[in-house]
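Here are the chains, one letter per residue:
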Amino acid sequence: MATNTKSINDIRIDYYPTHEHEGIKFRRGHAMPYGATTVPNGVNFSISSSAATACTLVLFDRGAPQPFAEIPFPDEFRVGDVYCMIVFDLDVERLEYGYRMDGPFAPELGHRFDKSVILSDPYARSLGGRDTWLAEPNWDDVYPYRSRLAFEDFDWENDHPLEYPIEDLMIYEMHVRAFTQHPSAKVKNAGTFSAIKHKIKYLKELGVNCVELMPIYEYDEWENSKPNPVTGEMLVNFWGYSTVNFFSPKAGYAATGKFGMQVDELKTVIKELHKNGIEVMLDVVFNHTAEGDQRGHTISFRGIDNKTYYMLTPEGYYFNFSGTGNTLNCNNPIVRDMVLDCLRYWAADYHIDGFRFDLAAILGRAQDGSPLSNPPLLESLAYDPILAKCKLIAEAWDAGGLYQVGSFPAYGRWAEWNGKYRDTVRKFLKGDTGQVGEMVQRIQGSPDLYYYRGPTASINFIACHDGFTLYDMFAYNEKHNEANGEDNRDGGNDNHSWNCGWEGETDDIEINFLRRKQIKNALSILLVSQGVPMLLMGDEMGRTKLGNNNTYCHDNELNWLDWSLLKKNKSLFEFAQSLIKFRRAHPVLRSSTHFAHSDYVGSGYPDISFHGARAWNMDGAEYSRSFAFMLDGDHAKQGVIKDSMIYVAMNMYWESLTFELPVLNRDRKWHVFSNTDMPDSEAVNTLGKEPLTASQESIVIGPRSVMILVGK
Amino acid sequence: MSFSINSNVSEVVGTGKVATIELTGELDSLSARLFQKEIEKVALESPKDLVLDMENLSFMASAGLRVLIFSKQKIGPSLNIYIVKPQEAIVDTLDKTGLLHSVTIVDKYPS
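The listed protein sequences derive, respectively, from chains F and U. full-length UniProt numbering applies: residue 1 is where the first sequence begins, and numbers increase by one. full-length UniProt numbering applies: residue 1 is where the second sequence begins, and numbers increase by one.
Please note that a few of the clues may not be correct.
Below 27 Å or equal to it, Euclidean Cα-Cα: the simulated DSS-like pairs (lysine-lysine) are [as the list claims (entries may be wrong)]:
#1 F:K568 / F:K581
#2 F:K25 / U:K37
#3 U:K37 / F:K275
#4 U:K108 / F:K258
#5 F:K204 / F:K258
Pair ranges (Cβ atoms, derived) [unchecked claim]:
#6 U:D107 / F:K570: 17 to 23 Å
#7 U:K37 / F:E76: 34 to 40 Å
#8 F:P183 / U:K48: 19 to 25 Å
Note that these hints are calculated values from the structure, not bench results. Just so you know, even glycine gets a beta-carbon here, dropped at the ideal spot from N, CA and C.
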């Protein structure tokens, strides 16, 4: 028999108020879940603190300068360390809430309680206060980052995370605002989540099937903002690697943030990307928070449970393994639970396909800062059932000197941003000697680093948000960060870049040809390497940041993607597009296991072989700057799928080289897919319609060039 | 402009019931409660179509959007929601928050 839901609620005594304070009715709440959740007739608030002596719930109407109520938690409402309360008859649409925590202010003991400050809920699902990007805040606001509720009523239709095998991904690292903010993007609601929808067609044309969004958790663009001493322009936190709240999407990235609809807007974009076959990965920053060191603002964690949330020195100061002032105490059981709860929430409620963890080495540090051999947080994430199909990617180093590329505790699940891939390929492209031996490892998915983990542990990239763009890598020898207002001291110095003969922009036709060729060389190497390729937003159209390798603070053309480059550098875009298509068409390029270096299917060829000027003879000497490799298509996906032969020759000498070609069996012939030494219009051929090579015996590889052949 | 709301449910022979709600003024979080009550009322009649006349609605806050979601959940996924002559800003918000997929924008209810 059908039962009326309302009548059930009416008879449940736990949804009736038992207390009243200044006209507000409430009762003891539920300890779980943490945060603020709607229950029949009311809202359940739950927050924990291991050392607070008292807690007060502070309620605001949206945007109001003063709270409309402050309700101290009666002692009988505390369960262990958790304060919980159900408050009835609240306008959940307009409600903003926070807490005051009372307790000792004793930094030497790790406590920094201050009941004069209203604190954000670490579990708030939405935050107010920074609703419109760069709208100047009210600096006198008694509570600048206001916790709000979010609702679980989004219509996902049949959406589901796409769950592509990781080796089939083509990742595109992008910044939400920078992607569409430039006037040339010509989209409605530029710079917002919503605007991404208008560029999905472009992403599909390019061929990417995964976007990795730079931080979208609520952060404050005004944090550490200052006028540029040179230009007077306001420098802001543009990249967002400084989290204010881990559960809330950045309202300022939503065109509907001013309505408090950022959750729905972001979910709409994710649903739309999924419909178009594109996964969504988040770049998450759990290594530190926006509260900074002892000079920073108290926003949330510091005032709730400083000693629990942060790694502290014996004197009570903040360990700074993040390089930004504080370090989240990730392996404290309370914090570990918060990180897990957070990622589960994003996976379950936002259908997120994977996460890239900023400075992830910190996630493996013990509470005293020492590296753990078996970090419980990393293990928990690896084995969590809700995250079971999510990709987990570590930036396997931190600012405290812990470098774990190749040794990150992976539990058979974690992949890594392969910093060694980036450095080796850059040095090889630059023409450095002594790189061939290492290049052989890198193009195979770095078995020297990931022998037991397989090539899928390697996220291959040559450029990312940190450092030079691909174009700048071949236009600048030195970083040019003057616009950051730090006397060019910030940003890395180990760029392994080469300006091709002139520092910065030039009209020299030969230099510009060489730069474009180098970008094509880089794209070619990236797309034929085993592992998972990642492309930085705009590198496919020759995006420049004018030599600035650390543009974290610029809300301007240095970061905004200039879509007019698509026309100017059409040949680059088409080259990138063709290479991505090529990778997708050839499963032999996307192996989930390392090569065996043997012929285990009886095709007559080993799965991979290395070559030089003489076939089957690679010159791996110190002076060598060239080599070729051949993949046998019969070994594709461990011999399960039949593919073509693929031969890739790379010559980083400044002169041409002639390479003898390996002889093909079964009447197959070598065809040219791409040759970066050719003029732009001829650098790449149509997939499936590749012309025969001029000779089947040998090929001439131009100076600083990469050729890709197909044997079929 | 102050908010007002009118509704009626009519039976179309052979096709089922049609609930029509006319919204005037600004739909903010306070008026959204009235909107929700009206939806609850017409839901009792199990209409097949819900026609929301928004020609004279100048603003819709998040609370109003949530009532649209609620109406689909309350009456069932087979409910067709028609929004008659909404102003551009409202269509824009529906689009950005993904609700445009769940409703049909019309100049006039088709039957």
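Status of each hint after checking the structure:
no., hint, verdict
1, F:K568 / F:K581, "22 Å, holds"
2, F:K25 / U:K37, "23 Å, holds"
3, U:K37 / F:K275, "35 Å, violated"
4, U:K108 / F:K258, "31 Å, violated"
5, F:K204 / F:K258, "30 Å, violated"
6, U:D107 / F:K570: 17 to 23 Å, "42 Å, violated"
7, U:K37 / F:E76: 34 to 40 Å, "36 Å, holds"
8, F:P183 / U:K48: 19 to 25 Å, "46 Å, violated"
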